[in-house]
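**Q** What follows is each chain in one-letter form.
2 protein chains.
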Amino acid sequence: MNNADTYLKKVAVLIDSVLENLLPSETVYPTSIHTLMRYSTFAGGKRVRPALVMAAHEACGGKFGDEMAILAGAALEMFHTFSLIHDDLPCMDDDDFRRGKPTAHRAFTEALAVLGGDALCIFAFECLAKTGRTDLIAEIAQALGTHGMLGGQVVDIESENKPIDRQTIEYIHKNKTAALIRASLRAGAMLAQASDEELAHISAYGNAVGLAFQVVDDILDEEGTTEQLGKDAGSDRAKGKATFPAVVGIPESKKYAAELITRATAEAAYFGKRGELLKDLANFIRDRVS
Amino acid sequence: MNNADTYLKKVAVLIDSVLENLLPSETVYPTSIHTLMRYSTFAGGKRVRPALVMAAHEACGGKFGDEMAILAGAALEMFHTFSLIHDDLPCMDDDDFRRGKPTAHRAFTEALAVLGGDALCIFAFECLAKTGRTDLIAEIAQALGTHGMLGGQVVDIESENKPIDRQTIEYIHKNKTAALIRASLRAGAMLAQASDEELAHISAYGNAVGLAFQVVDDILDEEGTTEQLGKDAGSDRAKGKATFPAVVGIPESKKYAAELITRATAEAAYFGKRGELLKDLANFIRDRVS
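Going down the list, the sequences are from chains A and B. Here the numbering used here is used: the first residue of the first sequence is 1, the next is one more, and so on. Here the numbering used here is used: the first residue of the second sequence is 1001, the next is one more, and so on.
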């Protein structure tokens, strides 16, 4: 097991216990929405965004286990879960399974999936407020909004079953996926009181690693097995989704992913020994199987 | 025209011009979601929540036109619009018209209505962050979440076509409607650096006026004309929605609304001359026709 694997597992244990304490219990009225919030949050995510918050925090001199970084990490995981729940809805990607489990609207109802997604988003802002940092809230809100994740989702949905160019697929991936990954890293850096120069390197690392993450995801969708993916292989293509391999082919996609990871590790090198983990996480993103 | 009418019109002009400047232009990519956000935001709301923010701000010694109070008012209107867009979705109340215009998912698509609602919610938090007040963000997030508005929506949806008791309808109305109205008032008071005693009176006023608002809405749904309502009269009842008149009858509903308004005006009296506007707004809520 390499450093990234160990770190992700360590962060996952920590974040899961914090989410366990933060989220309202399933027995709290109205029980259905609280049950859904927990069902989707604990559906087996690898907690990559919290790990990036904490790794960037450490790279900028923060201590592992810092309460505010953990809180921000938990909030970012909830924002991510909110986006998955709404993304899976029948009027969006219409997915029945995620990570091998029925999606929220299949396990509960469509109405509850809409409201449960809303609730995770709003609760994540409530948790972020505990950091006392409105700059952090603005940063993450921008990454989530129409100039970030939601903008990417709109263009993704509107590009279905249409021929698209490289510029459009880059826009979709940069916004739909990379924006929140970059914001996770910047949030960690900001909580460690990073200098402008440190923040600039963290941002450049985030741009590269965020885009690589989605390009690798697209490649996996083409080449992975159903068992690895927790969903049917090739399901994005079957749905007419815009993917990197569909636009530029598999070999060019792999080449681009490798380039992006090289760029990310070069940025991580700025932080010297404290940036080792960021380098390992970038390599993990290149090598991951699901 | 009484004080409340004049004030609401004055606030609406101000808030509309602020929302006009805040919201991304319809020409900004991706244009569809920005067009939807503006379509729903400028669909003819009376801007009651911003007026309550500003009236509470003035009651606690704030000045009319204070930049932060206006910003909070604009954010609260966007949160309200987000809730209406998601509430109208086919999987929720399945409404085709609101204020006489096609609902967002009818004028655009269902996917865009989900994402556009999300975007207004997230953008409203981004605007709130500009106040620099995380206490305000926490206050409003709590009012919107599962112990507030969303909790009310869940129980509302789950109570459709079921016999419900007075306790349940009170829960729905207190959470679905009153929680955000109360938070609007508290936000205004907090921005005016209200004392604990002032905040307690504003909260009590908000509890009464928020609940009255929804009880009056239910009565109007039964007694108003289609022209007054911008939707079919009796449409809530036709859909098997839980309403106050359905549970306790029209006479008891009117009696209860009057009691709540009396309670609200008593709380407004605490603020003396500065609370006149709150009293007038409470009477407006009792007397409004749509």
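Rather than coming from a laboratory, the hints here were simulated on the basis of the structure. There's no promise every hint is true.
Said to hold, decoys possible - Okay, derived cross-link-like pairs now, DSS-like style, lysine-lysine, Cα gap no bigger than 27 Å in a straight line:
| # | chain 1 | residue 1 | chain 2 | residue 2 |
| --- | --- | --- | --- | --- |
| 1 | B | K1046 | A | K174 |
| 2 | B | K1130 | B | K1273 |
| 3 | B | K1174 | A | K130 |
| 4 | B | K1130 | A | K130 |
As the list claims (entries may be wrong) - Partner residues are not named here, just some residues of chain B that face chain A (Cβ under 8 Å, in silico):
| # | residue |
| --- | --- |
| 5 | V1013 |
| 6 | L1014 |
| 7 | V1018 |
| 8 | L1022 |
| 9 | F1064 |
| 10 | G1065 |
| 11 | E1067 |
| 12 | L1071 |
| 13 | C1091 |
| 14 | F1108 |
| 15 | E1110 |
| 16 | C1121 |
| 17 | L1144 |
| 18 | T1146 |
| 19 | L1150 |
| 20 | V1154 |
All of these numbers come straight from a predicted model, not from anything done at the bench. Where is the CB? At the ideal position from N, CA and C, for every residue including glycine.
**Q** At a threshold of 8 Å, is the proposed contact between V1018 of chain B and chain A supported by beta-carbon distances?
**A** 17 Å, violated
**Q** Any CB of chain A closer than 8 Å to the CB of L1014 of chain B?
**A** Violated: closest Cβ of chain A sits about 23 Å from L1014 of chain B, beyond 8 Å.
**Q** Quick check on the hint: L1022 of chain B CB to chain A CB, less than 8 Å?
**A** 12 Å, violated
**Q** So, as I understand it, the hint says F1064 of chain B touches chain A; can you test that by seeing if any CB pair is closer than 8 Å?
**A** Violated - the Cβ of F1064 of chain B stays beyond 8 Å from chain A, reaching only about 25 Å at its closest.
**Q** Tell me if the interface restraint on E1067 of chain B is satisfied: Cβ within less than 8 Å of some Cβ in chain A.
**A** Violated, because the Cβ-Cβ distance from E1067 of chain B to chain A comes to roughly 15 Å (cut-off 8 Å).
**Q** Have a go at the C1091 of chain B hint: is there a Cβ in chain A nearer than 8 Å to its own Cβ?
**A** 4 Å, holds
**Q** Quick one, is the E1110 of chain B hint okay against chain A at 8 Å, beta carbons?
**A** Nearest chain A Cβ about 4 Å off; hint holds.
**Q** Holds or violated: K1130 of chain B with K1273 of chain B, Cα cutoff 27 Å?
**A** 31 Å, violated
**Q** Checking hints one by one. Is F1108 of chain B an interface residue toward chain A, by the C-beta closer than 8 Å rule?
**A** Violated, about 11 Å.
**Q** Taking the closest Cβ pair, is L1071 of chain B under 8 Å from chain A?
**A** 12 Å, violated
**Q** Take the C-alpha atoms of K1130 of chain B and K130 of chain A, compute the straight-line distance between them, and say whether it is at most 27 Å.
**A** 16 Å, holds
**Q** Report holds or violated for the interface hint on L1150 of chain B, using the least CB-CB distance to chain A and a cut-off of 8 Å.
**A** At 5 Å from the nearest chain A Cβ, L1150 of chain B passes the 8 Å test, so the hint holds.
Checked against the numbered hints above, the structure violates hints 1, 2, 5, 6, 7, 8, 9, 10, 11, 12 and 14; every other hint is satisfied.
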